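S.K.: Residue 191 in the working numbering sits at position 115 of the sequence shown, with consecutive numbering throughout.
In short, the hints are calculated from the structure, not lab data. Please read these numbers as outputs of a predicted model, since none were measured by experiment. Where a beta carbon is used, it is the ideal one built from N, C-alpha and C, also for glycine. Incorrect hints may appear among the rest.
[As the list claims (entries may be wrong)] Restraint-style ranges between C-beta atoms, simulated for each label pair: (1) L118 - E97: 36 to 44 angstroms; (2) R177 - V95: 38 to 46 angstroms; (3) D181 - L158: 16 to 24 angstroms; (4) E189 - L79: 54 to 62 angstroms.
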Amino acid sequence: MHLVPADRAGHRTIDGHRVCEAIAAIGDTAHVRSWSERFSLLADPGRLAILLALHRAGPLAVTDLAVATGMRDPAVSQALRLLRTAGVVTGDKDGRVVRYRLVDDSMRPLLDECAAADHEEPASDHEEPTAAAG
(Lines of atoms letter the chains of each structure in order from A; the text may use other names.)
(Lines give C-alpha, C1' and ligand atoms only; values in the text may rest on other atoms or scores of the structure.)
Protein backbone atom coordinates (compact mmCIF):
# COMPACT_ATOMS: atom_id res chain seq x y z
CA MET A 77 0.00 0.00 0.00
CA HIS A 78 2.46 2.52 -1.27
CA LEU A 79 0.05 5.48 -1.47
CA VAL A 80 -1.24 5.34 2.10
CA PRO A 81 0.09 8.30 4.10
CA ALA A 82 2.31 7.45 7.04
CA ASP A 83 -0.31 8.60 9.56
CA ARG A 84 -2.75 5.96 8.19
CA ALA A 85 -0.28 3.18 7.37
CA GLY A 86 -1.09 1.21 10.52
CA HIS A 87 -4.83 1.06 9.80
CA ARG A 88 -6.31 -2.28 8.81
CA THR A 89 -7.63 -2.53 5.24
CA ILE A 90 -9.65 -5.15 3.41
CA ASP A 91 -8.60 -4.41 -0.16
CA GLY A 92 -5.27 -2.59 0.01
CA HIS A 93 -4.94 -2.19 -3.76
CA ARG A 94 -8.36 -0.52 -3.93
CA VAL A 95 -7.39 1.77 -1.07
CA CYS A 96 -4.39 2.91 -3.15
CA GLU A 97 -6.64 3.38 -6.19
CA ALA A 98 -9.05 5.42 -4.08
CA ILE A 99 -6.23 7.60 -2.73
CA ALA A 100 -4.99 8.17 -6.30
CA ALA A 101 -8.54 9.03 -7.42
CA ILE A 102 -8.94 11.58 -4.63
CA GLY A 103 -5.62 13.20 -5.47
CA ASP A 104 -4.44 16.46 -3.99
CA THR A 105 -6.66 17.58 -1.10
CA ALA A 106 -6.27 21.24 -2.13
CA HIS A 107 -7.71 20.34 -5.54
CA VAL A 108 -10.61 18.51 -3.87
CA ARG A 109 -11.23 21.52 -1.62
CA SER A 110 -11.21 23.86 -4.63
CA TRP A 111 -13.81 21.77 -6.48
CA SER A 112 -15.88 21.43 -3.32
CA GLU A 113 -16.03 25.23 -3.11
CA ARG A 114 -17.14 25.41 -6.76
CA PHE A 115 -19.89 22.88 -6.10
CA SER A 116 -21.00 24.85 -3.03
CA LEU A 117 -21.54 27.84 -5.32
CA LEU A 118 -23.91 25.71 -7.39
CA ALA A 119 -25.75 24.40 -4.31
CA ASP A 120 -27.89 27.54 -3.98
CA PRO A 121 -30.81 27.63 -6.47
CA GLY A 122 -30.52 31.40 -6.92
CA ARG A 123 -26.80 31.32 -7.70
CA LEU A 124 -27.29 28.35 -10.00
CA ALA A 125 -30.08 30.17 -11.85
CA ILE A 126 -27.86 33.23 -12.24
CA LEU A 127 -24.97 31.13 -13.55
CA LEU A 128 -27.22 29.28 -15.99
CA ALA A 129 -28.59 32.59 -17.27
CA LEU A 130 -25.13 34.10 -17.72
CA HIS A 131 -23.81 30.93 -19.31
CA ARG A 132 -26.58 30.75 -21.92
CA ALA A 133 -27.55 34.39 -22.47
CA GLY A 134 -24.24 36.14 -21.97
CA PRO A 135 -23.63 39.34 -20.02
CA LEU A 136 -26.61 40.64 -18.06
CA ALA A 137 -27.27 43.49 -15.64
CA VAL A 138 -28.58 42.92 -12.12
CA THR A 139 -32.11 44.04 -12.97
CA ASP A 140 -32.24 41.77 -16.02
CA LEU A 141 -30.96 38.85 -13.95
CA ALA A 142 -33.63 39.59 -11.34
CA VAL A 143 -36.37 39.40 -13.98
CA ALA A 144 -34.87 36.25 -15.55
CA THR A 145 -34.44 34.40 -12.24
CA GLY A 146 -37.48 35.70 -10.37
CA MET A 147 -35.22 37.02 -7.62
CA ARG A 148 -35.17 40.52 -6.14
CA ASP A 149 -32.40 42.92 -7.16
CA PRO A 150 -30.70 42.88 -3.70
CA ALA A 151 -30.62 39.06 -3.67
CA VAL A 152 -29.11 39.01 -7.17
CA SER A 153 -26.52 41.61 -6.12
CA GLN A 154 -25.60 39.59 -3.04
CA ALA A 155 -25.25 36.37 -5.07
CA LEU A 156 -23.14 38.18 -7.67
CA ARG A 157 -20.87 39.56 -4.94
CA LEU A 158 -20.20 36.02 -3.74
CA LEU A 159 -19.67 34.72 -7.29
CA ARG A 160 -17.37 37.65 -8.10
CA THR A 161 -15.32 37.07 -4.93
CA ALA A 162 -14.98 33.40 -5.92
CA GLY A 163 -13.69 34.46 -9.36
CA VAL A 164 -16.61 32.89 -11.22
CA VAL A 165 -18.12 36.07 -12.67
CA THR A 166 -16.93 39.58 -13.40
CA GLY A 167 -18.73 42.81 -14.05
CA ASP A 168 -18.06 45.07 -17.01
CA LYS A 169 -19.16 48.67 -16.58
CA ASP A 170 -20.87 50.37 -19.52
CA GLY A 171 -21.75 53.88 -18.35
CA ARG A 172 -23.96 53.41 -15.31
CA VAL A 173 -24.81 49.80 -16.16
CA VAL A 174 -22.72 46.84 -14.99
CA ARG A 175 -23.19 43.66 -16.98
CA TYR A 176 -22.00 40.45 -15.37
CA ARG A 177 -20.51 37.54 -17.27
CA LEU A 178 -19.19 34.09 -16.49
CA VAL A 179 -15.37 33.95 -16.47
CA ASP A 180 -14.61 30.60 -14.79
CA ASP A 181 -14.35 28.23 -17.74
CA SER A 182 -14.27 25.20 -15.43
CA MET A 183 -17.93 25.94 -14.61
CA ARG A 184 -19.09 25.73 -18.22
CA PRO A 185 -19.19 21.90 -18.51
CA LEU A 186 -21.05 21.67 -15.19
CA LEU A 187 -23.60 24.24 -16.35
CA ASP A 188 -23.94 22.46 -19.72
CA GLU A 189 -24.73 19.22 -17.87
CA CYS A 190 -27.22 20.98 -15.64
CA ALA A 191 -28.96 22.59 -18.61
CA ALA A 192 -28.98 19.33 -20.59
CA ALA A 193 -30.47 17.41 -17.65
CA ASP A 194 -33.33 19.92 -17.56
CA HIS A 195 -34.31 18.99 -21.10
CA GLU A 196 -34.20 15.20 -20.69
CA GLU A 197 -37.37 13.19 -20.40
CA PRO A 198 -37.98 12.17 -16.79
CA ALA A 199 -37.85 8.45 -16.13
CA SER A 200 -41.27 6.87 -15.81
CA ASP A 201 -42.21 5.44 -12.44
CA HIS A 202 -44.15 2.72 -14.22
CA GLU A 203 -41.45 1.12 -16.32
CA GLU A 204 -41.90 -2.51 -17.17
CA PRO A 205 -39.61 -4.77 -15.14
CA THR A 206 -37.04 -6.64 -17.19
CA ALA A 207 -37.32 -10.41 -17.26
CA ALA A 208 -34.62 -12.19 -15.29
CA ALA A 209 -32.36 -14.35 -17.39
CA GLY A 210 -32.90 -17.99 -16.57
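S.K.: Take the hints in turn and mark each one as holding or not.
M.R.: Hints, verified against the model:
1. L118 - E97: 36 to 44 angstroms: 27 angstroms, violated
2. R177 - V95: 38 to 46 angstroms: Holds - the Cβ-Cβ distance for R177 and V95, about 43 angstroms, lies within 38 to 46 angstroms.
3. D181 - L158: 16 to 24 angstroms: At 19 angstroms between Cβs, range holds.
4. E189 - L79: 54 to 62 angstroms: At 30 angstroms between Cβs, range violated.
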